[in-house]
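Visitor: Listed below are the residues making up each chain.
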Amino acid sequence: MSVAQAEAREIQLEAPSGLWREAWRRLRRNPGAIVGFVLVVLFVIVAVFAPLIATHGPREQNLALLQGSCCPGPSASHLFGVDALGRDVFSRVVYGARFSLLIGVVAVTVGLSVGLLIGSVAGYLGGWIDSILMRLMDIMLSIPGLLLAIGIVAALGPGLTQIMIAVGATQVPIFARLLRGSILATREADYVLAARAVGVKKRSILVSHILPNSLSPVIVQGTLALATAIIDVAGLGFLGLGPQDPSTPEWGTMLTDTTRYLQTAPHLALIPGAAIVVSVLGFNLIGDGLREALDPRFRGRG
Amino acid sequence: MLQFVVRRLLLLVPILLGLSILVFVWIRALPGGPAQALLGERATDESRAAIERQYGLDKPVHIQYWSYLRTTAQGDLGTSVTTRRPVTEELKQRFPATIELTLAALLFALVLGIPLGFVAAKRYGTAVDHGSLIVSLLGVSIPVFFLAILLKYVFAVKLGLLPTVGRISARIDLNHPTNFYLLDALLAGDFNAFWDSFKHLLLPAVALGSIPLAIIARITRAAVLDVQNEDYVRTARAKGLPPRVVDERHIFRNALLPIVTIIGLQAGLLLSGAVLTETVFAFPGMGTWLVEAIKNRNYPVLQGGILFVSLVFVLVNLLVDVLYAVINPRIRVS
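For the protein sequence lines, the chains are G and P, in the order given. Each residue of the first sequence is one higher than the one before, counting from 498 in our numbering. Each residue of the second sequence is one higher than the one before, counting from 150 in our numbering.
Honestly, I wouldn't trust all of these hints.
Only some residues are given here: those of chain P computed to face chain G with a beta carbon under 10 Å [as the list claims (entries may be wrong)]: (1) G167; (2) L168; (3) W175; (4) L218; (5) T221; (6) P292; (7) F294; (8) V395; (9) A416; (10) G436; (11) K444; (12) R446.
Partial selection, computed: residues in chain P whose CB lies under 10 Å from chain G [said to hold, decoys possible]: (13) F173; (14) L179; (15) I212; (16) S216; (17) A276; (18) V284; (19) L299; (20) K307; (21) L308; (22) L310; (23) L311; (24) P312; (25) G315; (26) A319; (27) V458; (28) L460.
In short, the hints are calculated from the structure, not lab data. Glycine residues also receive a C-beta, built at the ideal position from the N, C-alpha and C atoms.
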């Protein structure tokens, strides 16, 4: 082996594997993240294949089952029992996964895209635009999250789409602030200065140099935001502000009024609630794992 | 220090103005506009025109905003559509209930959360540490209303140890000068009433406090782990200070900074969570009041309630900032 070959080999050995590849390696070694990944995959499979998994239709009623008392618990034909209107709880929870997934993704997409737009404009342009946009975000943050969402639902009227927008809106200032801070930090980096020096246009500096390097905290926050969105939407549903058609199998809405049946039929509350906890736990575990994998302060350990 | 407080107070002015504009615009964005909101379902064109004249809604927007700002600043939040009582009067009954609940929840979270986090950090990597991590992970994954339902099911319905709904038993006769029931009972020297309202408060407070508890424990653990490896801690140990003194003076006092910050952030979570917890326990606070208002399209109550809670939230954050400056001298200078 010549000296040149040996050196080349050494360089290859030491070559940094890149942020993403290393993050992936670290993520795979994190047992929490693996559990989270399994839970989320399970959740998505249930949501996608709901019609195949469910044993009954989510809106199918069988009032004959309620003759004894409200409400029959788990049995062979109804795995998780039957609700106060004679509907199969198992099938409703399975279909509910669809709504929760849809709600979480739509709400976060709304919050993320508007927040990113505001945050990147404010962070990159600076000056009075930055001041105005950020004061606006401060004002939105001065209303406790759920109350802001309630106010928006009051203006838009109750409903599934409306609560998704409301929950998304509460996340806008969080993403805007996060991205702005992250951009301010990268804006002064040498590679940005270099790009400016060779005359790259402002917009393409933002899009191809600053944004990709500011994104990792946003990815972490986005995953955790999915968890919060599912909880918040369920909360609004629980308050009765969700889908106005009460037969919609949304988990939060399913929990409304179950406190009345706690004595005789606790499964009505326990099962949709457990479904929320499991899916939220999955996203939280992945989010925590991603944070550890992407945060430079953790890099190089383990 | 005084200068710092004054500067922070001045920063509040634009936030509060912005908030008032937001609520003002929101009222005008409601379906049918503010007149419809005041009249409810029974509005006719004539009555709407009359209301618009009475409240000056036919005037230019900037004049409307000015008069809205003036009446609000004077403490006039309008009249509840359902009860026909002034919103401020109802607020005086509802608000103490929620504050009593939130304070009790916060106390529960702090008294258990900080020691739990401290012990977890001290026993880093042991079963105690792992256990506390799992508990705090579950804590941030469980919706507060579901936790409330679970607690209600176990302690009130199954075991029958605690009451299921309300703030106080109907048979207890108590004057309410402050509307903080625990305080009212103490003022009256009525032990029975105190015990009864304490039992009513216990489950909602534990439900509402559990999630902040998980978060506070987690932050305390991380903060103590961070501080533990600082040079000044090593120096303190090296010069032979007793471990308890190092824990108290060097570790705990410095770990307090992130803990105070997180308590400030919990305020919003507590106020939001209170809305849901109150609904589960039919606790007559701001939450049940606002949820009722939204169902009855009782917009004056919604407007007043949201404005007031936000004001409290902003003030709490100010308080946290000041507290932060008291603990951390470095902040005061910058």
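Visitor: Next step is simple, just say for each hint if it's right about the structure.
Guide: These are the hints, each one checked on the structure:
no.	hint	verdict
1	G167	4 Å, holds
2	L168	6 Å, holds
3	W175	6 Å, holds
4	L218	15 Å, violated
5	T221	16 Å, violated
6	P292	5 Å, holds
7	F294	5 Å, holds
8	V395	25 Å, violated
9	A416	8 Å, holds
10	G436	9 Å, holds
11	K444	7 Å, holds
12	R446	8 Å, holds
13	F173	12 Å, violated
14	L179	6 Å, holds
15	I212	23 Å, violated
16	S216	21 Å, violated
17	A276	16 Å, violated
18	V284	13 Å, violated
19	L299	7 Å, holds
20	K307	8 Å, holds
21	L308	12 Å, violated
22	L310	14 Å, violated
23	L311	13 Å, violated
24	P312	13 Å, violated
25	G315	13 Å, violated
26	A319	19 Å, violated
27	V458	6 Å, holds
28	L460	9 Å, holds
Violated hints, listed in ascending order, are 4, 5, 8, 13, 15, 16, 17, 18, 21, 22, 23, 24, 25 and 26; each of the other numbered hints is respected by the structure.
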